[in-house]
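Engineer: Sequence:
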Amino acid sequence: MTSETSHSAAVFEKRLRDSAAETQAALVAMLNGDALADETVRPSNLLAAMRHGTLNGGKRLRPFLVRETAAMLGGNAAAALRVGVALECLHCYSLIHDDLPAMDDDDLRRGQPTVHKAYDEATAILAGDALLTYAFDIIAAPETDFSDRQKIELVLALSRAAGMGGMVGGQVLDIEAEKTHPNEADIVTLQAMKTGALLRFACEAGAIAAGASAADRQTMRKFGETVGLSFQLADDLLDVTSDAATLGKATGKDAGRGKGTLVALHGTEWAEKRLDALTEEAENLLSPYGEKAAILRQAARFIADRKS
Numbered sequence: 129m130t131s132e133t134s135h136s137a138a139v140f141e142k143r144l145r146d147s148a149a150e151t152q153a154a155l156v157a158m159l160n161g162d163a164l165a166d167e168t169v170r171p172s173n174l175l176a177a178m179r180h181g182t183l184n185g186g187k188r189l190r191p192f193l194v195r196e197t198a199a200m201l202g203g204n205a206a207a208a209l210r211v212g213v214a215l216e217c218l219h220c221y222s223l224i225h226d227d228l229p230a231m232d233d234d235d236l237r238r239g240q241p242t243v244h245k246a247y248d249e250a251t252a253i254l255a256g257d258a259l260l261t262y263a264f265d266i267i268a269a270p271e272t273d274f275s276d277r278q279k280i281e282l283v284l285a286l287s288r289a290a291g292m293g294g295m296v297g298g299q300v301l302d303i304e305a306e307k308t309h310p311n312e313a314d315i316v317t318l319q320a321m322k323t324g325a326l327l328r329f330a331c332e333a334g335a336i337a338a339g340a341s342a343a344d345r346q347t348m349r350k351f352g353e354t355v356g357l358s359f360q361l362a363d364d365l366l367d368v369t370s371d372a373a374t375l376g377k378a379t380g381k382d383a384g385r386g387k388g389t390l391v392a393l394h395g396t397e398w399a400e401k402r403l404d405a406l407t408e409e410a411e412n413l414l415s416p417y418g419e420k421a422a423i424l425r426q427a428a429r430f431i432a433d434r435k436s
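The working numbering puts the first residue of the sequence shown at 129, with every later residue one more than the last.
These are computed hints drawn from the structure, not numbers from a lab.
Careful: at least some of the hints might be erroneous.
To be verified - Dumping the calculated DSS-like pairs for lysine-lysine here, alpha-carbon to alpha-carbon at most 27 angstroms:
#, residue 1, residue 2
1, LYS435, LYS187
2, LYS350, LYS187
3, LYS350, LYS279
4, LYS435, LYS401
5, LYS420, LYS279
6, LYS350, LYS142
7, LYS435, LYS245
8, LYS350, LYS420
9, LYS420, LYS187
10, LYS401, LYS187
11, LYS187, LYS245
12, LYS350, LYS401
If you're wondering where the values come from, they're calculated on a predicted model, not measured in any experiment.
Please construct the entire structure, taking both the sequences and the accompanying hints into account.
Structural biologist: Right, dumping it as C-alpha cells:
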C-alpha cells in the first residue's frame, strides 16, 4: 500500500467513524421519551426495545452513503443526516424482524442479544413496526429541511426500496430459496431486493437531497445497486470464512439452512474475483466526478474488503 493510498484510507475511515458518531447522536436524540405533537405517550418498554435494536453500534454505512453522496453533489449536510437517520431506523427494523424465530432465528446481533432475546417476540415485532413508521415520520417532519417535492420523492423511493418489490419481497424470496434451490439469476434478484435495495436508496437519496439532475440521480442509483451486490457477496463470503466473535453474529448459517448463495454456487475464489470486478465497476461509475468522489470510491473498496 502506497503512502497516498494509506492516507486516503485513513481519511475515509475517519469520515466513516465521524458519520457513525453523528448518526448515533441523532438516533439517541430522536429515540427519547418525549412525545411529539399528535403522539400521546411513548411506552417505556417499547422505546427501550427500539433503542436496543438501533443503538448497539454498527458502521452506519447506509447513512454514510446518503451523506457522502449528497456532499459530493453539493447538498444540505444537516438535512441529509436526518434522511440517513430515517434510513437507519428502517434498516434496524428489518434486522430486528430478520432475527425473529420465524425468520433467521438469531440470538446475537453485533455481539449483543437480539431484541427478541433481550425482551420478547411481541415487543421485538412492535419495536420493528415502530421504527419502520418513524422512518417516514423523520423524512416528512418540518425539521427535515427539504422542499415538499424532495420529501415526496424520498418517501416514494424509500417505500419502493423497502416494500414488497424491494427489501420485504427479497426476504420472502430468501425464505423460499431454502426449499427451492435457486439458480444464479434467482439469487442475484433476491439479493438485489433484500440487501441491495436499501443501499441503492441510500445513494439515490443523497442525489435527491442535493437536488441533483436526473442523470446524476440515475448514476448514483446504479452505484448503489453495484455496491449493494458487493455488500451481499462480501457478507456471504464472511459467513463462510469468518467466525462469530469477529462478525458479531452466528456464522455458517446459510449452509446450515440450505440457503442458496453465489459463494455456495461458485466458491470463495470466484467470489473474491467477482468482488474485485464489482469494485472496479463502482469506481468507473464515479469517474465523471473526479476527486469529489474520492470518499465514495473508498467506500466501494471498503464494502468489498470488509471483515465484519
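Engineer: Against this structure, judge whether each hint is valid.
Structural biologist: Hints, one by one, checked against the model:
About 12 angstroms separates the Cα atoms of LYS435 and LYS187, which keeps this hinted pair within 27 angstroms; it holds. Simply put, LYS350 and LYS187 have alpha-carbon atoms about 22 angstroms apart, close enough for the 27 angstroms limit, and the pair holds. About 21 angstroms separates the Cα atoms of LYS350 and LYS279, which keeps this hinted pair within 27 angstroms; it holds. Between the alpha carbons of LYS435 and LYS401 the distance comes to roughly 16 angstroms, so the proposed pair stays at or under 27 angstroms and holds.
For a cut-off of 27 angstroms, the pair hint linking LYS420 to LYS279 stands: about 25 angstroms separates their Cα positions. For the hint pairing LYS350 with LYS142, the CA-to-CA distance comes to about 26 angstroms; that is within 27 angstroms, so the pair holds. Proposed proximity of LYS435 and LYS245 is supported: the alpha carbons are some 26 angstroms apart, at most 27 angstroms. A hinted pair counts as satisfied when its Cα atoms are at most 27 angstroms apart, and LYS350 with LYS420 qualifies at roughly 18 angstroms.
For the hint pairing LYS420 with LYS187, the CA-to-CA distance comes to about 22 angstroms; that is within 27 angstroms, so the pair holds. For the hint linking LYS401 to LYS187, the alpha-carbon distance of about 25 angstroms falls within 27 angstroms, and the restraint holds. Using a Cα cut-off of 27 angstroms, the hinted pair LYS187 and LYS245 holds, with the two alpha carbons roughly 23 angstroms apart. For the hint linking LYS350 to LYS401, the alpha-carbon distance of about 20 angstroms falls within 27 angstroms, and the restraint holds.
Hint compliance for this structure: no hint is broken.
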